[in-house]
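Listed below are the residues making up each chain.
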Amino acid sequence: MIIPNPTEIKEYQKFPLTITLVLLNIFMFILIFSGPEKSISDNSVLQEDRLVLSGRLYLQYLKTLPTEVLKKKPDWIQDMNPENTEHLGVLGIYSVRDADFLAVAGSTSFWGDEVQISDWKKEIYQFGTQYRNQLMFRFGLSSLEKKPLSWLTYQFSHLNWVHLLSNMLFLVLIGAAVEGLAGSAVLIFTYLVGGISGGLGFLLLGSAGTVPMVGASASISALLAFYCVAEVRRRIRYFYFISPLADHRGHIYLPTLTIIPLFLVIDIANLWSSPQGLGGSVAYAAHLGGTVFGLIFGVLYRWRGSHFLHSSFSKFR
Amino acid sequence: MLFPDLSAPEAQYSSSKKFKWPRAPSIAFISDRFLALIFDFLLASPLVSLVIAGFVKRAKTLFLLDSQSPEGLVLGFLIFILGAFFVLLFQSIFLYYLHATPGQYFFQLRVVSYPQSRKNMTFSQCLVRSFCFSASCLLMAIPFLEVLGHPLRRAFHERASDTMVVTLKKFHDDGPHEIEQKFISSSMRTGFFVFFLFSSLSLFKTFGSLELGAAQEVVAVNQCKAIGSKSLQGSQRLDAALALYVLNEISGDCLNREADYLLWKEKTNFKDMAYLAKYMTAKSTHLDKKEIQNYYKLICEKKSSSACLIADYFVESKDAKTLKGADNKLLVTQVLLMNEMYEDKNYVGSLEIIEKLKQEKYLQSFLEKQYIRAIWSLREDKFKDSGRAPASANSKKWLDEFKSEYKIK
Numbered sequence: 010m011i012i013p014n015p016t017e018i019k020e021y022q023k024f025p026l027t028i029t030l031v032l033l034n035i036f037m038f039i040l041i042f043s044g045p046e047k048s049i050s051d052n053s054v055l056q057e058d059r060l061v062l063s064g065r066l067y068l069q070y071l072k073t074l075p076t077e078v079l080k081k082k083p084d085w086i087q088d089m090n091p092e093n094t095e096h097l098g099v100l101g102i103y104s105v106r107d108a109d110f111l112a113v114a115g116s117t118s119f120w121g122d123e124v125q126i127s128d129w130k131k132e133i134y135q136f137g138t139q140y141r142n143q144l145m146f147r148f149g150l151s152s153l154e155k156k157p158l159s160w161l162t163y164q165f166s167h168l169n170w171v172h173l174l175s176n177m178l179f180l181v182l183i184g185a186a187v188e189g190l191a192g193s194a195v196l197i198f199t200y201l202v203g204g205i206s207g208g209l210g211f212l213l214l215g216s217a218g219t220v221p222m223v224g225a226s227a228s229i230s231a232l233l234a235f236y237c238v239a240e241v242r243r244r245i246r247y248f249y250f251i252s253p254l255a256d257h258r259g260h261i262y263l264p265t266l267t268i269i270p271l272f273l274v275i276d277i278a279n280l281w282s283s284p285q286g287l288g289g290s291v292a293y294a295a296h297l298g299g300t301v302f303g304l305i306f307g308v309l310y311r312w313r314g315s316h317f318l319h320s321s322f323s324k325f326r
Numbered sequence: 033m034l035f036p037d038l039s040a041p042e043a044q045y046s047s048s049k050k051f052k053w054p055r056a057p058s059i060a061f062i063s064d065r066f067l068a069l070i071f072d073f074l075l076a077s078p079l080v081s082l083v084i085a086g087f088v089k090r091a092k093t094l095f096l097l098d099s100q101s102p103e104g105l106v107l108g109f110l111i112f113i114l115g116a117f118f119v120l121l122f123q124s125i126f127l128y129y130l131h132a133t134p135g136q137y138f139f140q141l142r143v144v145s146y147p148q149s150r151k152n153m154t155f156s157q158c159l160v161r162s163f164c165f166s167a168s169c170l171l172m173a174i175p176f177l178e179v180l181g182h183p184l185r186r187a188f189h190e191r192a193s194d195t196m197v198v199t200l201k202k203f204h205d206d207g208p209h210e211i212e213q214k215f216i217s218s219s220m221r222t223g224f225f226v227f228f229l230f231s232s233l234s235l236f237k238t239f240g241s242l243e244l245g246a247a248q249e250v251v252a253v254n255q256c257k258a259i260g261s262k263s264l265q266g267s268q269r270l271d272a273a274l275a276l277y278v279l280n281e282i283s284g285d286c287l288n289r290e291a292d293y294l295l296w297k298e299k300t301n302f303k304d305m306a307y308l309a310k311y312m313t314a315k316s317t318h319l320d321k322k323e324i325q326n327y328y329k330l331i332c333e334k335k336s337s338s339a340c341l342i343a344d345y346f347v348e349s350k351d352a353k354t355l356k357g358a359d360n361k362l363l364v365t366q367v368l369l370m371n372e373m374y375e376d377k378n379y380v381g382s383l384e385i386i387e388k389l390k391q392e393k394y395l396q397s398f399l400e401k402q403y404i405r406a407i408w409s410l411r412e413d414k415f416k417d418s419g420r421a422p423a424s425a426n427s428k429k430w431l432d433e434f435k436s437e438y439k440i441k
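Chains Y and G supply the protein sequences, listed in that same order.
Here the first sequence stands for residues 10 to 326, where the numbers follow my numbering.
Here the second sequence stands for residues 33 to 441, where the numbers follow my numbering.
So that you can see chain G by itself, here it is in the shape it has in the complex (with noise of 0.2 Å):
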């Protein structure tokens, strides 16, 4: 039973010169202290807080700008280090005045030197005591439950530092059970062994998943990680996107952010292709008709431009007419012509094509499916002609370099 009332403890905790242990200390009860170490925690914990908020907020901010922020880690661990501080300075000056945390002296109990009798504990004890608790807290809280199988009910900071926790309560406890300190004695081996094994495998499981790359860094950029040239820069990169899009290499969502990325810069003079890679995604970033019509209008401000006859060539049902009065350097404009060429049997002209593109080299492995391709229907295209024509000889070159590529006899 607790007793409510500090005015009137119903035994009082002496602090003379004369003072002894008369006979074997009183035991605090269990459930005086766990009260005890909540009512600490409520009043510490907004009084810490209060002295650490300008670190915290500083590390909060930290990490909104980089959830893996390196400087963010190392406050963290600063802001730990200086809380565990406080907590420690604030249980050891309460221990050696008042012989008790301001919760155990609600609850009536006093922290005394154990088993040597003092007047004061000295103030080492107590700043041994504070670090040992705050130690025990660490390791998942496990010392602690050694007051559940300790004879005299004192955990592990308590016989580091030599003291123990009274009551100044008429009745008090007796202790365990002789037959429940070995249960409990041997429930927390198993506790601290499960406890180590745990830590120890996570441990490896992060350093494994660390060495295989788990911690690089991952910044959410507009631009599109698939487009794998650095160097590309500007309108080259857009047009290397547009055209990567077209040969199905890159998703809508890759070249829609390759697109913003170009759309607000403050400077940028190739806002139609901009516009036009928005036009071309339409479906995949789930645009209605009135938005798709309003990007149309911006590409086709200037009716002549490559962008705006690419975009026709696209509403019209890829009539290849429209695509003749495009830029031939763009690299979307001849992705789309080899395509062209390819769907009219043109392979050899597809060929050209390709090759041209090959000597970007960003390009070259994008590209390799597409000359595949392109042999194949050549091959079988000569094949199924054999009987009636002799082929060309632009298809024979183009297929003996192909055999000489690949080692084909």
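Okay, chain Y solo, but in the shape it has when bound (with noise of 0.2 Å):
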């Protein structure tokens, strides 16, 4: 395990915009959780035997679009074998994250079994209302749920406990440093704006998906990228563990660069190895969008030095 570390975390009062936005996640997470239960898991159109039904169905809708339509689908739809039910399930899992499909769904004329075709209808519009209905949805950022407020409260909601966890370890961290370094004024407004150039990623990288984009991720994405340009000569104190013997934890100070690879490059990397419409659980494109934003950020603070936009800030203060 190796993770930042910086001697200043201990003066906490030092920071107090970075524990205002620890606290704010926190109680956003609350207030989703606290909500009514309405987990769409248990949704009959996931069960298997559904997905292979939606794929079917999905690829008679796919006969229907024109070319330039088609074009912008992923290319692995089109090596689809329709008689291979492995592949009929994949495409379904695609399908009901299809935002455009499930427009039309309702409305479009399909053959094949028309009892299981109006069932199934019938299933994916309870889905969709259902869907609609989570609070994850409504705070969480994708194609289908992209008004203003949803670009902020993203950025404050969390997918589960392990999620909120390992993302406000992170902001409690790099916060501190962007805090201490270019003060609170600068920590909003790149967590803040990091967060809607993570979130442009998304949408543009992501093609037209239903599923809804949670997470500080793109905020501390651009925060760290933010940090590693700005103070490219500081070396960062890491703390390391292997074993609890003397000579196996303890502490090492590695140039800031080492961000990159180290939390920056890998989203790119998984991001171009993902294959496409089928990401996992990680949204990579809204890391590399809070990432772009940061680096460029960075740069600017560096060329119009600190003082500048020190000034600039303290106006809105």
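These aren't lab readings, by the way, just hints derived from the structure by calculation.
Incorrect hints may have been included.
[To be verified] For the chain Y half of the interface with chain G, some residues (derived, Cβ under 7 Å), not all of them: (1) I86; (2) D88; (3) I275.
[What the hints assert, rightly or not] DMTMM-like, lysine to aspartate or glutamate: derived pairs with alpha carbons at most 20 Å apart: (4) K315(G) x D88(Y); (5) K321(G) x E132(Y); (6) K315(G) x D84(Y); (7) K297(G) x E123(Y).
All C-beta atoms, glycine included, are put in the ideal place defined by N, C-alpha and C.
Assembling the complex is the task here: the two chains are given apart, and the hints tell you how they should meet.
Structure (structure tokens):
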């Protein structure tokens, strides 16, 4: 295990905004999970046989699309064998993420088992309603839910405790470092605009997915990128732990630039290696969006000088 | 103890021409080397992943389409080679120019030429070291354990490349004790032996299972494999599936798959029979009452159709009269009639239908049970009646044929 552990972290009173951001994230998490529980994972549309059925209907839907729209869909869809149930299942998973398909599924006429099709249309309508009623969907950002407030609320919402704790650990570490270096105004600006940039990256690179994105990770990526560019010559204290033996744990100072391969490059690698439209639970595109903003803002911070930005942001205090 | 800051190393590694080892080299601590290795991994793995990301994406897509994709396997091997190549390059370049990998650099370690003291390591030395390092990884990293037992903490890749890792810190390792050396060497030999034993055994096991056909093509197609005949297509195939289902030779799931296969074809004119199959398998596919009713409505859009008559036969507690109007050319109708005749103790009639059905080669093996059942019942019937009335000529013909077929005296 090796994690950043700046010396200043003990003086928590110096970082009021970092602590406020962490508390806000925890508050939002409690708010979401104290609401009525409406888990969609048990919905019949997500059962194996129904996913195969969705896959069959999705193939028919694809045949109705004009070539230019079809070109925007992932390449692997073209290689699907309509007689292979495994393929149809995978296609079914993709289909329930495709907002364009879900929007027209109820009104499209399909051929096949009419009883199944009629039941499926009812189920997919209920699924859509249940999906939209989730607090996670309302607070999250997706191609279906992108009203102005969603761009902010998604940055403070989390999926589960593990997601929240891992993000908050990094927020405390890097937030304190940025707040100590550039002040509270720069921290909140980087956090919020970095998050918006992450949202933009997610929507641009994540096609027309219905899965909402939540989490502070895009904002944290922006803070990491900002810090490693703004403080390029400084070394960060890292804590390492191999075993409780004396020589196997301690601190080491590493250049801030090591953050790039350790935390940022891996996001790009993961984004590029995921089959289009079937990414995992991590929104790498959002991390990348946040990183791009953080790098640009970091360069600007160094170029125009910290005094200029300090004075600019002090007007808004 | 690890020195935390790079800015002031406690000892300087000199790369001047005059450099000579004045005394025994400062052996690096194992913990420092281990940490440096972890740091190198953390630093290099994202970079290597980035370089091979395109290939990984392609491989993931291939395995998504076919979990046993041969192209995917070849690509996976290529990815492994590419990854190893970039690791080799990454290590060699850093070793040549920095005399250390990034991890070793930050942990105050340097790689030097040993036992020959040189100003710089040659590039071939760096390459050999990196290559042997990568090869050691393939052997479950067992060769790395040599650092625990070697007097100068030199593992296989270091001895092969005439190099050694030294520390720039004030304190250095003194190497293992003699007893420790012996213990670790013997443990390593045992480790190698166990590794080779298990890997050879697992290879033999894999080879054995491949020979037994474990690598046969597994394609989850809709059609049911229990219906062996590949020549059967479309409506004929579904008719055969329905007949076999009535004979209890295939499962409800199997028939359901056949029905699905036909229903999801863009153009099909045998839909009512496919819906009939769905209707017949309602129990095994756990359909609710409403769905069953809906299927019935679809089957009986045309009341006089064979599918509707057969469905009615099941609805009306298997009343044979309802089957009269059904198409006699359909295998399922014939099988149902055969069963009805058997139930009515018309064994000869039942055998006549079996004889007719046996002309379909793919049904022959499935009908054997029905044939023997009918013959047995016919014989029992004859035996029962023997005191009262003579057996008919037809019965005798069937029994004689059976005797000659099975060579019964």
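**OP:** Hold the hint about I86(Y) up to the distance rule: shortest CB distance to chain G must be less than 7 Å.
**Re:** violated (10 Å)
Subject >> Pairwise hint evaluation, D84(Y) against K315(G), where the allowed Cα distance is 20 Å at most >> reply: violated (40 Å)
**OP:** Verify the proposed pairing of K321(G) with E132(Y), using a straight-line Cα cut of 20 Å.
**Re:** holds (17 Å)
Original post:
Against chain G, with CB atoms and a cut of 7 Å, does the hint on D88(Y) hold up?
Top reply: Holds: closest Cβ of chain G sits about 6 Å from D88(Y), inside 7 Å.
Original post:
Do the alpha carbons of K315(G) and D88(Y) lie within 20 Å of each other, as the hint requires?
Top reply: Distance ~35 Å between K315(G) and D88(Y) Cα, so the pair is violated.
Original post:
Does the structure keep K297(G) and E123(Y) at a Cα separation of 20 Å or less?
Top reply: holds (13 Å)
Original post:
Against chain G, with CB atoms and a cut of 7 Å, does the hint on I275(Y) hold up?
Top reply: holds (4 Å)
Checked against the numbered hints given earlier, this structure breaks hints 1, 4 and 6; the rest are met.
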